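Protein chains in written order, with the working numbering: chain A, 501 to 632; chain B, 501 to 632.
A hint or two may mislead.
Reference listing, derived: stretches of chain B covered by chain A, where coverage requires no fewer than 3 residues with Cβ under 8 Å from a Cβ of chain A [stated by the list, open to error]:
| id | segment |
| --- | --- |
| 1 | 565-577 |
| 2 | 585-598 |
| 3 | 604-614 |
Calculated directly from the structure, the hints in this document are not laboratory data. Remember, predicted model here, so these are calculated numbers, not experimental data. Don't be surprised by glycine CBs; every beta carbon is placed ideally from N, CA and C.
Protein chains: 2
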Amino acid sequence: MKYIEKLRNAGLRPTKQRLKICEFLFDTQKTFHFTINDLFNKIKKHSKNKISLATIYNTVRSFEKKGYLKQIPINSNQTYFDTNISDHHHFYDLKEGKLIDLENSDVGPINILKKINGKKIKSVEVLVKLEG
Amino acid sequence: MKYIEKLRNAGLRPTKQRLKICEFLFDTQKTFHFTINDLFNKIKKHSKNKISLATIYNTVRSFEKKGYLKQIPINSNQTYFDTNISDHHHFYDLKEGKLIDLENSDVGPINILKKINGKKIKSVEVLVKLEG
DNA sequence: ACACTTTTTTAGAATCATTATAAACTACGA
DNA sequence: TCGTAGTTTATAATGATTCTAAAAAAGTGT
Chain A
501 MKYIEKLRNA GLRPTKQRLK ICEFLFDTQK TFHFTINDLF NKIKKHSKNK ISLATIYNTV
561 RSFEKKGYLK QIPINSNQTY FDTNISDHHH FYDLKEGKLI DLENSDVGPI NILKKINGKK
621 IKSVEVLVKL EG
Chain B
501 MKYIEKLRNA GLRPTKQRLK ICEFLFDTQK TFHFTINDLF NKIKKHSKNK ISLATIYNTV
561 RSFEKKGYLK QIPINSNQTY FDTNISDHHH FYDLKEGKLI DLENSDVGPI NILKKINGKK
621 IKSVEVLVKL EG
């Protein structure tokens with residue numbers, strides 16, 4: 501199982517459920533955006549043993565804390581996650597309610613000139629809302 | 501009453517409640533960030549007649565639709581609004597859970613090089629997360 | 001001012017995403 | 001294999017937001 505070490509490295513035990521979730525999240529070249537509900541339904545549909553919602557929540561939260569996943573800052577009733585954890589930004593198509601990746605090279609360098617005493621910049625995220 | 505026209509312009513009737521909400525939102529030089537709950541409690545505390553939560557929700561939603569308020573794209577259980585509707589960005593202090601304004605001049609120009617067919621850019625919002 | 005229609009406000013119920021709980025289960029070292 | 005600490009699960013609890021339906025207020029014509 502290729503994800504056992506990945507989980508161990510992060511201090512997570514490699515359980516059946518977590519390995520299954522890893523498969524659904526990381527077993528593809530293409531990265532993608534998802535909500536908890538998306539993931540829950542995808543697993544239920546494509547796997548014989550369903551995983552409880554609570555486990556999906558817990559695992560996704562752990563993955564996010566460990567940096568395997570990123571939350572996308574967007575105002576929606578559901579939380580959106582991204583399997584692309586590299587430094588990049590997003591379009592948000594308001595009409596379709598769809599997220600589209602923006603490569604870093606599509607945005608150009610962002611320079612934050614203001615400093616806050618004693619605080620370090622953890623991330624810089626750009627959300628470009630699209631209309632029409 | 502200085503807000504009657506503002507409300508009318510937005511297609512809202514100038515009711516007692518809406519005028520009161522306007523006072524709390526717009527009667528100050530300084531702009532600020534708030535959640536619905538913040539606003540509800542502030543009005544309850546500083547005004548003899550409280551305004552129902554439902555009315556606050558409805559009015560704030562209307563104001564946001566009309567462009568009198570902006571939602572701040574951030575992942576939180578509550579929705580954050582901003583009375584500063586000019587083009588600007590935010591620091592988000594993760595430890596304190598606090599938002600801090602970033603003037604446009606603090607960030608420098610942001611150039612979105614990628615185009616999506618038939619879509620127009622409505623807004624570009626930067627969220628800078630702070631740690632430490 | 002009055003009668004009448006339309007909009008708004010309100011309290012409370014409904015909804016829905018997320019988190020907590022506590023019992024059953026599992027991984028894993030001794 | 002045993003014991004225990006970590007996990008999973010179904011379900012309940014929480015909490016923000018939206019809905020509802022009745023009461024109140026505002027607008028309109030007389």
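Quiz item: Can you list which hints this structure breaks, lowest number first?
Solution: Per hint list: zero violations.
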